[in-house]
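Trainee: In case you want the letters, here they are:
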Amino acid sequence: DTAVSQTPKYLVTQMGNDKSIKCEQNLGHDTMYWYKQDSKKFLKIMFSYNNKELIINETVPNRFSPKSPDKAHLNLHINSLELGDSAVYFCASSQVYGLLQETQYFGPGTRLLVL
Amino acid sequence: KNQVEQSPQSLIILEGKNCTLQCNYTVSPFSNLRWYKQDTGRGPVSLTIMTFSENTKSNGRYTATLDADTKQSSLHITASQLSDSASYICVVRISSGNTPLVFGKGTRLSVIA
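As given, the protein sequences belong to chains W and Y, one line each in that order.
Position in the first sequence counted from 1, then plus 3, gives you this note's numbering.
Position in the second sequence counted from 1, then plus 1, gives you this note's numbering.
It cannot be assumed that every hint is accurate.
As the list claims (entries may be wrong) - Label-pair ranges, simulated between beta-carbon atoms:
hint, chain 1, residue 1, chain 2, residue 2, range
1, W, 19, Y, 113, 40 to 48 Å
2, Y, 13, W, 45, 15 to 23 Å
3, Y, 114, W, 41, 27 to 35 Å
4, Y, 43, W, 64, 42 to 50 Å
For the record, the hints were derived by calculation from the structure and aren't laboratory data.
These figures come from a predicted structure and were not determined experimentally.
Ideal Cβ placement from N, Cα and C applies to all residues, glycine included.
Please take these sequences and the hints and turn them into a complete structure.
Mentor: Here you go:
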């Protein structure tokens, strides 16, 4: 069984469109994250939710809006897509936020290409 | 400024050989240091997590070391296998603030037959 799953795996779209990426974890974890990995393979955290509550909101454009309908899901909605949004987006989860040695489990990534 | 620097940027070794990847950090206050393995097209997978008081930690053929005084860590891979080909990312956790994890850019390891 897949622990952290993301859909779609690939997303090709035009500038200006609005798109969503979905993430689900079946690990019973309390905390979920969204990361962006750029073309240079640099991972950067975007958002973190703990029990459906936003706890980290890095400096990302407000075109990006995370939505957590329940503890097992954290979706990422992106409005007015721009060329610079092209990247791989990873969802991750961990059991408890702030625990000293909590391990984050990553999803397979969604490869977004904006044309 | 909190930063994690990794070296080398990329590395090619023959199957069966050992190698060592380096990680230097300027993160404060330090909580723990993690090494992740990221296969091409996949999400990162945790290899080790070390706290301030731990000097070394092993996970199979992977051994991580930590020198909290010099703020350096290394990941040693013994008897490399083709499946070790991946990016290895060093991540340091800060014990306060809203950005708990600082990621390095990774070392791209290629193991060839």
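Trainee: Does the Cβ pair residue 43 of chain Y, residue 64 of chain W satisfy 42 to 50 Å?
Mentor: violated, 27 Å
Trainee: Please check whether residue 19 of chain W and residue 113 of chain Y have a Cβ separation lying inside 40 to 48 Å.
Mentor: Given range 40 to 48 Å: holds, Cβ gap about 44 Å.
Trainee: Within 27 to 35 Å: is that where the Cβ-Cβ distance between residue 114 of chain Y and residue 41 of chain W falls?
Mentor: holds, 31 Å
Trainee: Using the beta carbons of residue 13 of chain Y and residue 45 of chain W, state whether their distance is inside 15 to 23 Å or not.
Mentor: holds, 21 Å
Hint compliance for this structure: hint 4 alone is broken.
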